[in-house]
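Could you build the full structure based on these sequences and the hints that come with them?
Quick note, the sequences are listed as chains S and L, same order.
The letter at position 171 of the first sequence is residue 1034 when you use my numbering, and the numbering goes up by one with no holes.
The letter at position 149 of the second sequence is residue 138 when you use my numbering, and the numbering goes up by one with no holes.
It cannot be assumed that every hint is accurate.
[Unchecked claim] Pairwise CB distance ranges (calculated):
id, chain 1, residue 1, chain 2, residue 2, range
1, L, F596, S, G996, 37 to 47 Å
2, L, A150, S, T953, 20 to 30 Å
3, S, T953, L, L74, 31 to 41 Å
4, L, P301, S, G919, 34 to 44 Å
5, S, P918, L, F571, 36 to 46 Å
6, S, R915, L, G50, 48 to 58 Å
7, S, P918, L, P112, 46 to 56 Å
8, S, M958, L, G50, 41 to 51 Å
9, L, R158, S, A1045, 27 to 37 Å
10, S, G996, L, L139, 38 to 48 Å
11, S, G996, L, P301, 17 to 27 Å
12, S, P918, L, F596, 15 to 25 Å
13, S, G971, L, P235, 39 to 49 Å
FYI, nobody ran anything at the bench for these hints, they're computed from the structure.
Idealized CB from N, CA, C, for every residue including glycine.
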Amino acid sequence: MLSVRQLNAFYGRAHILRDVALEVARGEVLVLLGRNGAGKSTTMKAIMGLVRPAPGSSVSFGGVEIAGSPPYAIARLGLGYVPEDRRIFTDLTVMENLEVGRQPARDGLDPWTPERLFAIFPNLAAMKDRPGGRMSGGEQQMLTIARTLMGNPRLVLLDEPSEGLAPVIVQQMAEAIRAVKAAGLTVVLSEQNLHFAERVADRAAIIEKGIVRWTGTLDALRAEPAIKAQYLSV
Amino acid sequence: MDFILIQFLTGLANASALFLIASGLTVIFGVTRIVNFAHGSFYMLGAYLTWTITRALWDWGGREPALFIAGILLAALAVGAIGALIEMVLLRRIYRAPELFQLLASFGVVLMIQDLALAVWGPEDLPLPRPPWLRRFVEIAGSRFPRYDLILIFVGPAVLALLWFLFQRTRFGVLVRAATQDREMVAALGVDQRVLFTGVFFLGSTLAGLGGAIVLPMQSAFLQMDLAIIAEAFVVVVVGGLGSVPGAFLAALLIAQVQAFGIVLVPKATLVLVFLVMAIVLMIRPYGLLGRPQAHARAATGAVEPVIRPAPAILGWAGAAALLIAAAAPFFAGPYIVTVLVELAVFVLFAASLHFMMGPGGIVSFGHAAYFGLGAYGAALGLRYLAVPMEAGIVLAPLFAGAFGLVFGWFAVRLSGVYLAMLTLAFAQIVWAAAFQWVEFTGGDNGILGVWPSDWARGKGAYLWLALALCIGATLLLRRIIFAPFGYALRAARDSELRAEAIGLNAVRVRLGAFVIAALGAGLAGGVYAYAKGSVFPTYISIPKSIDALLMVLLGGVQTVSGPIVGALAFHTLFLTVLQAFTWWRFILGLAIVLLVLAFPQGIAGFVRQRWERARGPEAA
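Now the structure itself:
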């Protein structure tokens, strides 16, 4: 469904991503693992067009080449992006935030409505008219995912969804990701928290210094403590 | 009491038009982050187009009120379409350019529209013929009040209600509010920003056009409408808080009332009063009545500033050679060339003093002409009231400007980004208004004449040498300060105020120092200019003069020391001396500015330096 090849990206002269390659199959949950600054967020931004992929990069989504396309066009093809820092519109209410994300329904997928999203994120249902700026971090994290789902994406990029959340919210987040998968969506998430990743993901790709070092199922990763020690332990 | 009521109602009527213009400006700024100078031109086009369209409709169907309203709406929509077109053709290409370049490009549009309006409608003021129903009065508290003004009072609140509905209840409005906060995130959610931005420009320009349309029956359509209103609109937007429509409404009410009562109480100082109110509001609420602090406000000239390096030796030799040739000019060139050389020396210093603030200081001034003019007026007033000779006048000029720089700077350096630029513009307008309105003291529009040099300096050669010595000497001194510890402190305060303070620098005081030094430099340039011309006029302080200085610095490149010098020479010789020979020089200059901004977003010197370093490596530079 998503195929990334030779993805390179730069911040100024700093070479951040080096020939990143990823294959994501329809309906699976892939987790990008790696330490802080490894290039997980940049990979997602480069796929989304928010960081310009260097010439020669290839990102193909559902058979369409999207490297170099503007972000809005990529989003309209059915790629949803949930940023790490949430980026809720703080002046807008919950319902208005959802409205900004709304895009037409897509063939073969049940369109998302606020009611359907409130079933997954019950906290939001109680604060429809609250401005985004007056919500807790966990509530904002729920809203940012719900907002992206309003665009009826086929694939969602989730950048560190569990970061900085209380354990009980992390639990809800894991359930929400499983619900999104059950709804027929493909998910790519980035994580530093291996424990959280193990609860939601099917496969993992380990990134270090902008290079994909290892890919495989989470079961396979569990069997290789050396890999974990080398790339993930702090 | 009746008199107070009538003035109050007049203020309310004027507030409506002011609100329409300011709301358009604030909406455009909120979403696109462009400070659109051309907004005043849209207002002017609204008035002219209403004049043309309404008269055509009246010729066809009689002087009916319905046709007048139709004319107003058609004109506003036409202006909206023009605004959208300009956004698509020009501004869309420069959303990523530094703020100041966007501003310059929009000023280029101002110049082009001025000449186009002159070509289409001619230089005469065009009043709309007023049929009896437009002249009717109503009786209020025993006084006659124009019925049209009474209707206008309700236009502002009606438009506010419409805008409220648009922004709160429609998808377009929700998207605009979201984009005001985070454009990139809106794009990542699948919204095509180009459509949104063009839509916002259409809306904002329509409002400006409507503003120009509804004031037409009260005044004429004339060519100076654009810059007259843009200064007021800036004041309203800044007082209300950038990006806030309700804030613009409150501020429009406030400013219009200040004007309505000011014209009765202090008729000589209404303009001063308006800008004074703005300065007071910004002192109490630095982000306006309903505004909020902006993120990254100070990085007005680009997020990461390149390090300023000394010019390569070859450039120094070229400069010295040029200076020698200029000094020898009286021996081989005619008086016209010598006069131009004096002006060049003056403008090099004028540009270098602004650059000193903007480049190393990061303090962007929209009103640098104030200090140039204060220097010139300092010398001229000294002559007129104290009969000081030129030698003392040349000393008085920078001191006069520097003293005002100290006062204005004290307020200005506490702000940042667009607010700072607007406040400097407001201060410049205060000075301009004083020079223009206070006829008894400053001579008003007639200026002060007979400001001639002392006998020994009266020969053209002698005055050129004096001007070169003073202006080039002061420019070199400014350059020296940039590479002195004070210059380092200034750059540190620009790049990170917090870190600068953490190592013991008082950032506000350092910036104030730079502000005063820049005012001294500009004042000296103004003093030399006054004696060269033999007269001073309020135009020395006008907005276009401040823009001239910005153009010189930006064309030269903000982050090069030689930039302002190159920029001043290029701007003055090319545009002012050569271009003014053409009838449509404003259009050509405007077009040139627009094309230059599109082609060289780093300025001429910045572009050359980049090429130079690419060819030889940064070490060679």
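These are the hints, each one checked on the structure:
The supplied range of 37 to 47 Å is met by F596/L and G996/S, whose beta-carbon atoms lie about 43 Å from each other. Distance hint for A150/L and T953/S: a CB-CB separation of about 25 Å, consistent with the stated range 20 to 30 Å. Checked against the given bound of 31 to 41 Å, the beta carbons of T953/S and L74/L, roughly 34 Å apart, stay inside it. At roughly 36 Å, the beta carbons of P301/L and G919/S sit within the given window of 34 to 44 Å.
Distance hint for P918/S and F571/L: a CB-CB separation of about 44 Å, consistent with the stated range 36 to 46 Å. Checked against the hint of 48 to 58 Å, the C-beta distance between R915/S and G50/L comes to roughly 57 Å, which is consistent with it. Checked against the hint of 46 to 56 Å, the pair P918/S and P112/L passes, with Cβ atoms roughly 54 Å apart. Checking the proposed 41 to 51 Å range against M958/S and G50/L shows it holds: the Cβ atoms sit about 47 Å from each other.
Between R158/L and A1045/S the CB atoms are about 35 Å apart, so this pair conforms to the stated range of 27 to 37 Å. Between G996/S and L139/L the CB atoms are about 41 Å apart, so this pair conforms to the stated range of 38 to 48 Å. The hint said 17 to 27 Å for the Cβ distance between G996/S and P301/L, and at roughly 51 Å that hint is violated. Between P918/S and F596/L, the C-beta spacing of about 24 Å keeps the proposed range 15 to 25 Å intact.
Checked against the hint of 39 to 49 Å, the C-beta distance between G971/S and P235/L comes to roughly 45 Å, which is consistent with it.
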